[in-house]
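**Q** Protein sequence lines, in the order shown, are assigned to chains A and B. Numbering-wise, the numbering used here puts 282 at position 282 of the first sequence, and it's gapless, one number per residue. Numbering-wise, the numbering used here puts 143 at position 143 of the second sequence, and it's gapless, one number per residue.
Possibly wrong hints are sitting among the right ones.
[Unchecked claim] With a cut-off of at most 25 angstroms between alpha-carbon atoms, the simulated SDA-like pairs for lysine to any residue come out as follows:
| hint | chain 1 | residue 1 | chain 2 | residue 2 |
| --- | --- | --- | --- | --- |
| 1 | A | K155 | B | M123 |
| 2 | B | K72 | A | G253 |
| 3 | B | K12 | A | E120 |
| 4 | B | K12 | A | E54 |
| 5 | B | K24 | B | N35 |
Just so you know, these hints were derived from the structure itself, not from any lab.
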Amino acid sequence: MSKVAIIGVGQSTFVRSYPGSIRELVFEGFKEAMQDAQLSTGDIDASVICSAPEYDKQRSPAGVFAEYLGLNPQPTFYVETLCSSSSTGLKLAYSLVKAGLHDTVAVIGFQKMSEISSSESQERMGRGADIQWESPFGTMMPAYYAMYAKAHMEKYGTTLDDLALIRVKAATYGQLNEKAVYRKPVEFEMFSDPENRMAGPVADPLRVGDCCANADGSSCVIVASEEKAKSISNKPVWILGVGAASTSVNLAGRDLFTGLTVAEQAAQQAYDMAGVGPQDIDVAEVHDCFTIAEMMAYENLGFAKPGEGRELIRNKETYQQGRIPVNVDGGLLSKGHPIGATGGSQIRTIVLQLRDEAADIQVKNPEIGLVHNIGGVGLYGNVTILGR
Amino acid sequence: MSKVKEVDDRFKKFGTVSFTAITKTNDFVGYLEDNKVMGTRCKDCGMDFFPPRADCHQCFASNMQWFEVSGKGKLVTYSKLEYAPIGFEEDLPYCIALVDYGDYKVFGRIAGNLPEDEIRVGMAMQTIVNTLPNGQLNYVFTKA
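Take the sequences, apply the hints, and build the full model.
**A** Rendered as structure tokens:
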């Protein structure tokens with residue numbers, strides 16, 4: 001069986017408001033990945049463009065980007081699974097290469113959320129849920145995840161302090177990430193100071209410090225066939241497993257509220273395909289759009305048993321020097337979350353780790369890494385396992 | 001002169017802001033006007049649906065009857081919002097919640113007059129029709 005590699009990764013600096021248009025934003029991540037892979041545009045056989053719709057005036061962005069990036073006349077198309085769009089793009093690129101249709105595919109994720117106001121953005125995000133039966137009640141992402149947090153706390157005794165510890169860890173590494181939006185230190189004590197912004201209520205029990213920020217950003221991952229990768233790259237990272245799942249969009253159609261079934265299912269598929277288990281993962285990127293999301297990821301990926309995720313963060317097991325380092329690039333909580341670009345940024349972090357190029361945040365000799373990328377409120381689950 | 005065709009867009013009336021106007025489940029709003037919260041049951045296979053739907057994915061029939069959401073359910077989880085999306089600011093603060101009736105679950109809001117310190121996960125609740133200040137209709141959960 002031939003393998004599929006990642007031979008180049010790049011991302012723009014994630015910022016609150018990007019001073020340029022979406023095609024210019026996308027150029028930044030693309031350029032970095034192309035230079036990383038030492039390719040020219042003629043080497044790219046197809047491009048997959050990934051974002052969540054309705055932030056931009058531009059319809060069908062794939063065509064515009066292909067022109068701007070010099071990728072005509074090669075085929076290009078658009079995919080979306082909200083916040084996990086670029087992981088879905090990676091899975092598609094994997095399939096295109098595996099099927100022998102293309103040798104080299106660029107997966108390009110982007111989002112310019114600052115095209116609209118923050119409350120408009122919340123409304124758009126809320127409409128990633130069930131617009132017929134839920135949105136008329138005034139829903140938004142933090143409130144949905146807050147419902148999971150409430151259920152997790154009720155069932156397992158997880159505390160607000162445990163959630164604060166996850167944000168403190170994120171900020172520890174966010175300070176080291178020059179591409180992150182939020183680079184200031186976050187102290188545990190800030191969460192118990194009602195005057196501090198971190199402690200401000202958003203959707204009970206989640207506070208400002210429990211939530212990631214909107215951002216503008218782009219990412220790019222270049223996928224290649226084994227033959228191509230071996231001929232042009234001296235540092236390929238191999239895609240060992242890809243898993244994906246979906247569930248009921250309306251919470252009324254779900255049974256589990258202390259975890260995400262899509263993450264459990266996607267992880268199982270990816271583990272089975274890669275022939276590894278949670279104990280084999282040396283470094284992971286998980287979708288910490290909210291602190292509770294990282295806590296549930298520990299459990300859904302099998303790093304901890306259900307209800308025991310808090311022990312990992314209390315004992316600093318998910319720090320750089322711990323048993324299973326998680327989000328040592330600062331996570332979405334520090335980097336910001338430019339929806340369509342996020343998965344590619346997570347993949348980039350793991351690829352750099354596996355190439356021993358992660359500088360200050362390098363984990364010791366990682367062989368296998370994992371990316372957990374969720375779309376909507378646990379609506380789409382994507383887990384990717386990479387190895388060197 | 002051609003007669004203007006009347007459009008059944010009753011669903012516009014559901015919730016503070018409705019994002020849907022036309023659906024085959026428009027009668028849901030008609031029932032709300034009659035003070036009833038209803039789901040649909042597939043006449044062919046007997047499966048209950050809430051939220052209501054026009055089509056059964058289990059037996060591919062579109063042969064539904066309405067049933068009333070009545071009796072007691074259990075509060076699964078909830079969250080009180082301090083910020084609201086555009087169009088919902090006037091309603092703040094409010095709690096969104098999920099109530100489990102056994103055969104189906106209902107997503108909605110907790111009644112605004114239920115004191116926060118009386119809300120407990122696991123408590124028995126019932127679902128009642130509610131008229132919003134802007135004249136729109138929804139349903140809310142109250143203590144059973």
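**Q** Take the C-alpha atoms of K155(A) and M123(B), compute the straight-line distance between them, and say whether it is at most 25 angstroms.
**A** holds, 14 angstroms
**Q** Is the hinted pair K12(B) and E120(A) satisfied, with a Cα-Cα distance of at most 25 angstroms?
**A** holds, 20 angstroms
**Q** Would the pair K24(B) and N35(B) pass a check requiring their Cα atoms to be no farther apart than 25 angstroms?
**A** holds, 20 angstroms
**Q** Within 25 angstroms, alpha carbon to alpha carbon, are K72(B) and G253(A)?
**A** With a Cα-Cα distance of about 18 angstroms, the restraint between K72(B) and G253(A) holds, given a limit of 25 angstroms.
**Q** Check the hint pairing K12(B) with E54(A) against an upper bound of 25 angstroms on the C-alpha distance.
**A** holds, 22 angstroms
When each numbered hint is compared with the structure, no violation occurs for any of them.
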